[in-house]
Amino acid sequence: MTKSELIARIAELNPHLYQRDVERIVSTIFEEISAALCRGDRVELRGFGAFSVKSRDSRVGRNPRTGEAVNVVSKTVPFFKTGKQLRELING
Amino acid sequence: MSGNTVTRAQLTEAVYQEVGLSRNESADLVESILGEVSNALSRGEMVKISSFGSFAVRQKGQRIGRNPKTGEEVPILPRRVLVFRPSHVLKNRINLSARKLSDGS
Numbered sequence: 001m002t003k004s005e006l007i008a009r010i011a012e013l014n015p016h017l018y019q020r021d022v023e024r025i026v027s028t029i030f031e032e033i034s035a036a037l038c039r040g041d042r043v044e045l046r047g048f049g050a051f052s053v054k055s056r057d058s059r060v061g062r063n064p065r066t067g068e069a070v071n072v073v074s075k076t077v078p079f080f081k082t083g084k085q086l087r088e089l090i091n092g
Numbered sequence: 001m002s003g004n005t006v007t008r009a010q011l012t013e014a015v016y017q018e019v020g021l022s023r024n025e026s027a028d029l030v031e032s033i034l035g036e037v038s039n040a041l042s043r044g045e046m047v048k049i050s051s052f053g054s055f056a057v058r059q060k061g062q063r064i065g066r067n068p069k070t071g072e073e074v075p076i077l078p079r080r081v082l083v084f085r086p087s088h089v090l091k092n093r094i095n096l097s098a099r100k101l102s103d104g105s
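As they're listed, the protein sequences go chains F and A.
Residue numbers are given in the numbering used here: position 57 of the first sequence equals residue 57, and the series is strictly consecutive.
Residue numbers are given in the numbering used here: position 11 of the second sequence equals residue 11, and the series is strictly consecutive.
Looking at chain A on its own, in the form it has when it is part of the complex:
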């Protein structure tokens, strides 16, 4: 595993290389895309990106949790959580590359 971290900067650079826009506008578009995905999720909508995966919001009920340090019981309030389900295409791709990476080293 290479252990590098990809951030907005690299996504912006990729968009900049791919389409003939300025770096600034590329950065704004990356932000705007993440923003639109976030907005849809905050409305409780599911976001499906083919051959990548889907993001869905799940409602969790209240349950009793425990502070692991003090052993004290605390209620965990009902909340909404985001779950990402990778597509089979992405899972297969990652596994194929992982096998190649480990064969190479």
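Okay, chain F solo, but in the shape it has when bound:
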């Protein structure tokens, strides 16, 4: 399922809404999650899962082709932990 298929599905379930409003609603949700992660905040959606950011220290990596040592700068990566209900739903 892509974002546009998700929008189409939500529009189908809510025939009283304009498609462009559904688009804004779906985009707003993912935008809010992204913005929170950019602030370093955690996003906790009980039953679904939690988004957070983790920092990775800089390290000396290696170019796997040449074996040359390269410095990998420290970075912040987004992380998702599946919620209990969703985990059970997927395994059910």
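Please keep in mind that the hints were generated in silico from the structure rather than gathered at the bench.
There's no promise every hint is true.
Stated by the list, open to error - Not everything, but these chain A residues come out facing chain F in the computed CB check (under 8 Å):
#, residue
1, Asn-4
2, Arg-8
3, Gln-10
4, Val-15
5, Val-19
6, Leu-29
7, Ser-32
8, Ile-33
9, Val-37
10, Ser-50
11, Leu-90
12, Arg-93
13, Leu-101
Predicted model only: the values in this text are computed from it and were never measured.
Note that CB positions come from ideal geometry on N, CA and C, so glycine has one too.
Chain A: place on chain F using the hints.
Just chain A now, kept in the frame of chain F:
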């Protein structure tokens, strides 16, 4: 890092501010969107949200695990797990902001 937690309430508020719907209906829509994503994943479908990331279900085989406390061997049954792969757009955005946040403090 600010250490705040965003929940359904803030997502609902954002939807409410963005579109002219009631808070109640905004809350229902947030729930319905998370529900549709969950349903697709439970069918084993991949969910791709452009400039955010993709959720995919991966099948894991059986393996022997160990109870770390007792050292006892226990089989870990085959199961399906959900993995989230953030998009490059999101990763870059988070890194740019993280750099700005650390410069500011």
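Open item on the list: Does Leu-90 of chain A hold up as a contact with chain F if the rule is Cβ-Cβ below 8 Å?
Closed with: holds, 6 Å
- [ ] For the hint on Ser-50 of chain A, just tell me whether its beta-carbon gets within less than 8 Å of chain F.
- [x] holds, 5 Å
- [ ] Grab the minimum C-beta distance from Arg-93 of chain A to chain F and call the hint holds if it beats 8 Å, violated otherwise.
- [x] holds, 6 Å
- [ ] Report holds or violated for the interface hint on Gln-10 of chain A, using the least CB-CB distance to chain F and a cut-off of 8 Å.
- [x] holds, 7 Å
Open item on the list: Let's test the interface hint: is any C-beta of chain F closer than 8 Å to that of Val-19 of chain A?
Closed with: Since the shortest Cβ distance to chain F is 5 Å, the answer is holds.
Open item on the list: Quick check on Val-15 of chain A please, does its C-beta sit within 8 Å of some C-beta on chain F?
Closed with: At about 5 Å, which falls below the 8 Å cut-off, the nearest Cβ of chain F leaves the hint on Val-15 of chain A intact, so it holds.
Open item on the list: Holds or violated: the hint that Leu-29 of chain A contacts chain F, with Cβ atoms closer than 8 Å.
Closed with: Because about 5 Å separates Leu-29 of chain A from the closest Cβ in chain F, which is inside the 8 Å limit, the hint holds.
Open item on the list: Min Cβ distance, Asn-4 of chain A to chain F: is it shorter than 8 Å?
Closed with: Where the cut-off is 8 Å and the nearest Cβ of chain F is about 5 Å from Asn-4 of chain A, the hint holds.
Open item on the list: Take the shortest C-beta to C-beta distance between Val-37 of chain A and chain F; is it under 8 Å?
Closed with: Check passed: Cβ of Val-37 of chain A comes within 7 Å of chain F, closer than 8 Å.
Task: Cut-off 8 Å, beta-carbon criterion: hint that Arg-8 of chain A touches chain F - done: holds, 6 Å
- [ ] Hold the hint about Leu-101 of chain A up to the distance rule: shortest CB distance to chain F must be less than 8 Å.
- [x] This interface hint holds because 6 Å falls under the 8 Å limit.
Open item on the list: Given Ile-33 of chain A as an interface hint, is its Cβ closer than 8 Å to any Cβ of chain F?
Closed with: holds, 6 Å
Comparing the model with each earlier hint shows no violations; every hint is respected.
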